Structure formats: structure tokens, C-alpha cells
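2 protein chains.
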Amino acid sequence: MKIRRSGRLVDMTHFLLQHPHHLVPLTFFSERYQSAKSSISEDLSIIKEQFEQQGIGTIVTVSGAAGGVKFISKMGQQEAESVETELKKLLAVPERILPGGYLYMTDILGNPKYVNQIGRLFASIFSDHEIDVVMTIATKGIPLAYAVASHLNVPVVVVRSDNRVTEGSTVSINYVSGSSKRIQTMTLARRSLNAGANVLIVDDFMKAGGTINGMINLLEEFQSRLAGIGVLVESEETEERLVEKYVSVLKLSHVNEREKQIQIVSGNYLECEQKFL
Amino acid sequence: MKIRRSGRLVDMTHFLLQHPHHLVPLTFFSERYQSAKSSISEDLSIIKEQFEQQGIGTIVTVSGAAGGVKFISKMGQQEAESVETELKKLLAVPERILPGGYLYMTDILGNPKYVNQIGRLFASIFSDHEIDVVMTIATKGIPLAYAVASHLNVPVVVVRSDNRVTEGSTVSINYVSGSSKRIQTMTLARRSLNAGANVLIVDDFMKAGGTINGMINLLEEFQSRLAGIGVLVESEETEERLVEKYVSVLKLSHVNEREKQIQIVSGNYLECEQKFL
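The listed protein sequences derive, respectively, from chains Z and S. Just so you know, we're using numbering that gives the first Met the number 0 here: the first sequence kicks off at 0 and counts up by one. Just so you know, we're using numbering that gives the first Met the number 0 here: the second sequence kicks off at 0 and counts up by one.
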């Protein structure tokens with residue numbers, strides 16, 4: 000069925016948003032709408048212009064016989080700053096302080112709106128990196144990992160601290176939690192990660208970085224490669240950090256459990272973005 | 000800045016898709032694009048027609064002073080059937096059989112594409128129900144719960160089988176796992192669920208239903224109400240099922256671990272859809 004431009008724009012916008020980082024041949028659209036490739040190209044330039052203006056992302060054209068167009072989800076600087084500001088305000092509430100210098104974030108991580116925004120933030124900054132899979136550890140990091148992965152069009156693997164039967168054969172490693180200094184175990188299903196995969200590690204909270212360091216060690220067991228690290232909140236620790244390069248959205252710079260004081264400042268996200276782009 | 004129709008259609012489509020089940024006043028759009036409400040109404044009817052034709056969803060108009068438009072994510076019958084067929088094919092592989100009659104689904108649940116499709120399936124069927132929150136139990140059900148919740152614009156609460164410090168004060172109950180007959184514990188943070196909330200329970204796999212039954216009992220502790228149950232795969236059990244009303248996408252009707260045989264048939268999703276709509 001032939002579809003007019005207005006209809007095409009609506010459907011193509013939906014299709015591209017649903018398929019980030021997918022290479023879509025122009026013939027796909029011209030067959031879908033029974034329209035000439037020249038019309039499709041015009042549609043795409045309208046969509047591209049609007050996506051860039053509104054800070055939704057961009058459309059990249061890959062030329063050649065195996066070419067096509069690809070939607071890359073990118074959050075504009077302005078929206079990134081307003082997301083950061085909103086999260087900062089939400090988190091900087093003394094009632095959120097939990098024993099051990101942790102932060103109650105269950106409500107924020109339970110809200111798909113925030114989770115999706117944070118996912119778009121990380122997908123933006125890592126959009127030019129070669130990433131084959133997003134890795135996280137159960138339980139809190141899972142929604143963030145899926146949000147990032149869905150914008151990057153890659154699968155998620157979830158490392159677990161237990162060993163459930165439904166996983167099949169597994170690989171386990173021991174690691175030292177940086178803050179509590181306890182020896183813990185993390186497990187990943189053998190068939191869930193391929194050798195040579197480029198892995199983006201995503202988590203909600205990082206203190207000294209022992210858990211993330213454990214995941215990096217786990218990557219070696221699978222002969223996979225670390226492609227990047229993204230954490231929602233890093234906690235400023237006095238002791239040495241176990242992880243060097245990472246992107247954080249927010250930083251918990253000062254917690255006083257006794258006096259119920261809390262300070263949340265910007266993480267390194269915005270400066271990383273400037274450095275990377 | 001005044002934006003032409005073609006640009007408006009792209010941006011409105013994006014905005015509506017990002018905000019399902021949100022009531023958006025027409026003035027929001029007319030101010031955003033500096034366009035007359037009559038033009039906005041025309042745009043919306045183009046989008047509505049296209050969304051309905053392509054099985055994306057619909058746009059509902061709420062009239063009156065506090066009125067506006069609302070995008071409801073609904074998957075068309077044709078796409079629902081093709082999603083079911085694809086999942087059936089992916090799952091009906093003897094290598095997926097795990098000890099105890101479980102099914103290896105980690106790869107499918109790790110793929111945001113499938114997770115999002117399953118989320119849209121459940122969001123479609125429960126779109127007319129009053130739902131305030133989606134509940135699941137860690138770990139496997141989490142991505143499905145978020146996918147459903149993001150299309151319904153409600154938060155997610157995650158019940159856990161451990162008791163982690165970052166949760167704050169918690170409520171725990173004991174329950175009997177239907178298949179293993181063991182007594183287990185599930186825990187939910189006190190501040191994560193309000194009294195009177197309408198709760199949709201989502202999980203990846205259901206055998207006798209002991210875990211879901213446990214969640215229903217947990218709802219009573221919070222004085223919340225069960226609004227519905229959605230499971231990706233139900234396992235056909237010889238013994239009595241502990242849960243009565245639920246929606247399943249697929250049914251594991253026959254597993255023979257010894258002979259490596261497996262049969263996956265349709266769940267009750269499609270018949271429920273016809274009943275409900």
C-alpha cells in the first residue's frame with residue numbers, strides 16, 4: 000500500500016526509534032511504503048534534521064551496496080544537564096542515607112522514566128565505541144543495563160552472586176569487595192558471553208570499585224575485552240579506587256550518617272562527553 | 000520556534016512514543032511548536048491513523064478543561080502472532096532443557112529486542128486495566144517487568160529472595176515453592192509499595208505457581224490489590240496449579256529430559272486478548 004509523506008514520517012520515526020544502531024537499507028523503506036528512494040531520502044533528511052534539533056539523536060548514512068541508514072540515539076547536552084540536575088535534586092535528601100554509606104535509590108531505579116533517561120545518557124557517550132554486550136551484576140544494575148543495551152542494540156549479560164540451576168554450566172570467581180574487604184563470589188553462565196566480545200560494564204553504584212573490578216576479572220576468564228564502564232553514582236572514597244577509567248553521572252561527595260548530611264555533585268559524565276565527542 | 004508539519008509529525012511521534020499513558024494537553028504541543036490547536040489536532044489524527052494501521056497503538060482523546068491526548072501502546076494481532084511464533088521457534092530446542100524441567104532462556108531474556116516485544120504484548124493486553132505498579136521477583140523477571148512498566152508508564156517493584164542492606168526496612172514472608180515444596184523467603188522494601196496500589200505481577204516462568212502465589216500473599220501484607228498476572232512461559236504441570244487467572248505467552252507442554260524432547264505451544268495470550276478487547 001502506497002503511503003503519503005505524512006504517514007511515512009510517522010512510521011519511519013517509530014521504526015528508527017525502535018531499531019537504534021540497526022543498519023536499514025533504503026530499499027526496506029521504499030518497499031515498505033512503495034515509494035521512490037528519492038522520496039525516502041527526503042523523508043530521512045527531515046527526520047534527521049528534527050532528531051538533531053530536538054536532541055533525540057542522529058541518522059548516519061552508510062553508502063555502498065551494503066549501505067543504508069542507522070539511527071544513533073544521542074541525548075543533547077541541554078537534556079543531559081537537565082537530567083543530571085533532576086537526579087541530583089532527587090538524591091540529595093538526607094532520608095536516603097542508609098547504613099554503610101549507601102544510598103536509597105530503589106524508587107528512582109524503579110521508575111522507567113529515569114531508568115530510560117540514564118540509559119540514553121550512557122548510550123550517547125558510548126555510541127561511538129565498539130560494544131557487543133552490556134554487563135551488569137544482579138540486582139540493582141539490571142534495569143540500567145537493559146536501558147543502555149536497548150539504545151545500543153546489544154544484549155545484556157547479568158552476573159550473579161548466587162548460582163541458580165536455570166543458568167546451566169557457569170564460571171565463578173572470587174573477588175574482594177573494596178569497601179567491606181570481604182571475599183565474595185560472582186558467577187556467570189558459560190554460554191552467555193563469547194570470547195573476544197567488547198563489554199560495557201554498567202552499574203548503579205560504585206564505592207571503591209571492588210565489584211566492578213571483579214567483573215573485569217571475570218571478563219578475562221571469558222577472554223572478553225573491557226570496552227567501558229558506566230556508573231550512575233560513584234561514592235567519593237578516601238581509600239584508593241580499584242577502577243581507573245569510568246563514566247559517572249553523579250558523585251556522592253559527602254555523607255554524614257550522624258548529622259544526616261548528604262552532598263551530591265556532578266560525576267564526570269559531562270566532561271567525558273566533551274572529551275569523547 | 001515555529002515548526003512545519005513534517006517536523007512536528009516527527010517530533011510528536013517521538014514524544015508520544017516516549018510518554019505512553021501520559022495525558023498530554025493540546026496546549027503543550029501548540030506551545031512547543033507555536034502552532035494553532037487546529038493544526039495540532041490534524042497532526043494527531045495523522046499520527047493516530049498511522050499508529051493504528053501499523054499496529055503501534057492508538058491515541059485516545061480526553062475532552063474537557065483537564066483534557067488532552069494519550070498514547071496507548073498496543074501491539075496488533077498480526078505482530079503479536081509473529082512474536083509468539085518466533086519465540087516458540089527459539090525456545091523449542093532440546094538443548095534448552097535444564098535439570099528440574101526448567102528452560103534455558105537467558106539468551107532470549109538478555110536480548111532487549113525480545114524483551115521489548117514481550118513487554119509490548121503484556122502492556123497491550125493490560126492497557127485497559129487500572130495498574131499502578133508492576134511487581135516481579137529477582138532476577139529473571141526484572142527486564143520483562145521494566146519493559147511492561149515502561150509501556151504502561153508505571154513504576155516497578157522488585158521482590159527479592161535475599162535481604163540486602165540498601166533496601167532500608169523490609170517486609171518478609173515465607174512461601175512454599177509449588178514445584179520443589181521447599182519453604183523459601185521473599186522480601187520487599189517497606190517503602191516500595193503503597194497501600195491500595197493495583198499491582199500487575201510479571202514473571203518469566205511459572206511452574207505450579209508457588210512463587211507468584213507468594214507475591215500475591217505479599218500484596219496482602221502491603222494492603223495492595225492484584226490487578227493481573229503475566230508470565231512469559233507457563234509449564235504444564237500434572238499437579239494442581241496454585242494460581243488461577245493469568246496470561247501466558249507460551250506453554251511448555253512436554254519436556255522429556257531423558258529423550259531430549261521438548262514441546263512449546265501457545266499460551267492463553269491470544270485467547271485472553273480476544274476476551275478482553
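None of these hints come from the bench; they were simulated from the model. A portion of the hints provided could be inaccurate.
Label-pair restraints from in silico Cβ distances [stated by the list, open to error]:
(1) N255(S) with E256(Z): 55 to 61 Å
(2) E256(Z) with G66(S): 45 to 51 Å
(3) E41(Z) with S40(S): 54 to 60 Å
(4) L22(Z) with G99(S): 55 to 61 Å
(5) K36(S) with R189(Z): 34 to 40 Å
(6) T169(Z) with S81(S): 30 to 36 Å
(7) H18(Z) with V264(S): 26 to 32 Å
(8) N197(S) with T169(Z): 33 to 39 Å
(9) T169(Z) with V175(S): 25 to 31 Å
(10) T184(S) with L89(Z): 45 to 51 Å
(11) I182(Z) with Q17(S): 31 to 37 Å
Calculated from the model, a selection of chain Z residues having no Cβ within reach of chain S, i.e. all distances over 12 Å [claimed, not checked]:
(12) D42
(13) I46
(14) G66
(15) N152
(16) K250
Computed from a predicted model, the values in this text were never measured in an experiment. Every residue, glycine too, gets a C-beta built ideally from N, C-alpha and C.
Structure-based check of all given hints:
1. N255(S) with E256(Z): 55 to 61 Å: holds (56 Å)
2. E256(Z) with G66(S): 45 to 51 Å: 48 Å Cβ-Cβ, so the 45 to 51 Å window holds.
3. E41(Z) with S40(S): 54 to 60 Å: violated (26 Å)
4. L22(Z) with G99(S): 55 to 61 Å: violated (41 Å)
5. K36(S) with R189(Z): 34 to 40 Å: Distance hint for K36(S), R189(Z) is violated at roughly 59 Å.
6. T169(Z) with S81(S): 30 to 36 Å: Holds, at about 33 Å.
7. H18(Z) with V264(S): 26 to 32 Å: holds (30 Å)
8. N197(S) with T169(Z): 33 to 39 Å: holds (38 Å)
9. T169(Z) with V175(S): 25 to 31 Å: holds (27 Å)
10. T184(S) with L89(Z): 45 to 51 Å: The hinted range 45 to 51 Å is violated for T184(S) and L89(Z), with Cβ atoms some 31 Å apart.
11. I182(Z) with Q17(S): 31 to 37 Å: Once the Cβ atoms are compared, 44 Å apart, the range 31 to 37 Å for Q17(S) and I182(Z) is violated.
12. D42: For D42(Z), whose nearest Cβ neighbour in chain S is about 8 Å away, the distance does not exceed 12 Å, so it is violated.
13. I46: With a cut-off of 12 Å, I46(Z) comes too close to chain S, as the shortest Cβ separation is near 5 Å.
14. G66: holds (22 Å)
15. N152: violated (8 Å)
16. K250: Check passes; 18 Å lies beyond 12 Å.
The structure fails hints 3, 4, 5, 10, 11, 12, 13 and 15 (numbered hints given earlier, in ascending order).
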